[in-house]
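Student: Go ahead and model the full structure; you've got the sequences and the hints to work with.
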Amino acid sequence: MIAAAAALLLVPQKPVENPGQMFIAGRAGRLLMPLERTSVNAEVAGMGARVTVKQSFYNPSKTPIEAIYTFPLPHDAAVDRMKIRIGDRSIDGTIMRRQEAKETYDKAKAAGQTAALLDQETDNIFTQSVANVMPGRRIEVEISYVQLLKFEDGEFEFSYPMVVGPRFMGQGTPNPGKISPPTLPPGVRSGANIELAVTLHGGAPIQEFRSVLHQVRASRPDNETVQIALAKRDEIPNRDFILRYRTAAKDVQESTFATWDDATGGHFALVLAPPPQPDETLRSPKEMIFVVDQSGSQSGFPIDKSKELSLALLGTMGPRDSFNVMGFSNEVNPLWPGPRPNTEENRKEAEAFIKGLEANGGTELEKAVVASLSPSVDPERVRVVLFNTDGFAG
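So the sequence shown is numbered by this note's numbering: it starts at 133 and just counts up by one.
Think of the hints as simulated: they come from the structure by calculation, not from any bench.
Computed from a prediction, not measured in an experiment: that's the story for all the values here.
Be a bit skeptical, because a hint or two may be false.
Now the in silico label distances, taken between C-beta atoms and shown as ranges [to be verified]:
| no. | residue 1 | residue 2 | range |
| --- | --- | --- | --- |
| 1 | 232 | 168 | 31 to 37 Å |
| 2 | 169 | 413 | 49 to 55 Å |
| 3 | 196 | 327 | 28 to 34 Å |
| 4 | 212 | 433 | 48 to 54 Å |
| 5 | 406 | 359 | 23 to 29 Å |
Don't be surprised by glycine CBs; every beta carbon is placed ideally from N, CA and C.
Tutor: Here it is, written out as structure tokens:
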């Protein structure tokens, strides 16, 4: 059973050495059920990742017990599969509504059946309960989820959380024991009981890749694929695993993910990732109109920051762009009668104009809007008007 939210039992508030821990719940209190091994396998393709996490525990108790397991997952992960293996027995998870899942689990527990319940406490913290685990048995918990990768400045980022960090708990926080489980001491954790492997399918030649905080070993079956694993070391950083990579694609990269549920159909996702620096010839030239509020309310710090921002924006234009600069208060004060080409000489003239703006007068915003939009638009360019104002106008 997989429940979308809520919590069933609390975990003890004392330090432990691993980010995911299972505890034995009983009348005599809660005892640590040692985590023997964690195995993480991720298949990354385009903007998505399928991640399977397996963790093995041993029940040292001499009586049947209920075990509770708290662990982190990425905040944007969608858990869609769960499996518990106890000896030769395997239990597959079923997604249910929260209350229905809890009631089914409680009935199985009361009847002496082995059952498991997965609860999402917050967007990135999960708790799993396993009822009626027999003495001396080993338990393997397998969870699978999908997630989208981050994409920024032409770089993809895959991450896997290895620790549930401490959280601030204000008054009225529901179930604080569930969302702030035992936290890890700073420093390192044992590297002997964790395996993490990531296979990158770039869809284009992978230009470079790097692990931000952990040492890894890698192999390249081909120029579009990289197989990465944690380096075999006695100790590894007790931090989230973050892997960043970029492809050599010069054009827009597309990724399609599709599923076919049954005869009624399925669903798909199409992701388009632009190159970090698109070809200038493919970008539509722009007509940039920079409008700076120089009214009295902008006096001092506000107009200084407006000038700083406007000067920075001048440097973002392409060689085929045109532009103009306007100051406004009671009246509109344009630099030129109309837009001019983005040349070094024109930019220097615009920089001097912006630096000389002084705050004085009222905020006649409507006049500035009309003036910035009234000139006829060059059919070969896309007009972009940027207003830099505090908005203090009636």
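Student: Confirm or reject each hint.
Tutor: Comparing the hints with the structure gives:
1. For the pair residue 232 and residue 168, the beta carbons lie near 32 Å from each other, so the given range of 31 to 37 Å is met.
2. As the Cβ distance of residue 169 to residue 413 is approximately 54 Å, the hint placing it in 49 to 55 Å holds.
3. Remark: the range hint 28 to 34 Å for residue 196 to residue 327 is upheld by a beta-carbon distance near 30 Å.
4. For residue 212 paired with residue 433, a C-beta distance near 51 Å keeps the hint of 48 to 54 Å intact.
5. At about 27 Å, the beta-carbon gap between residue 406 and residue 359 stays in the expected band of 23 to 29 Å.
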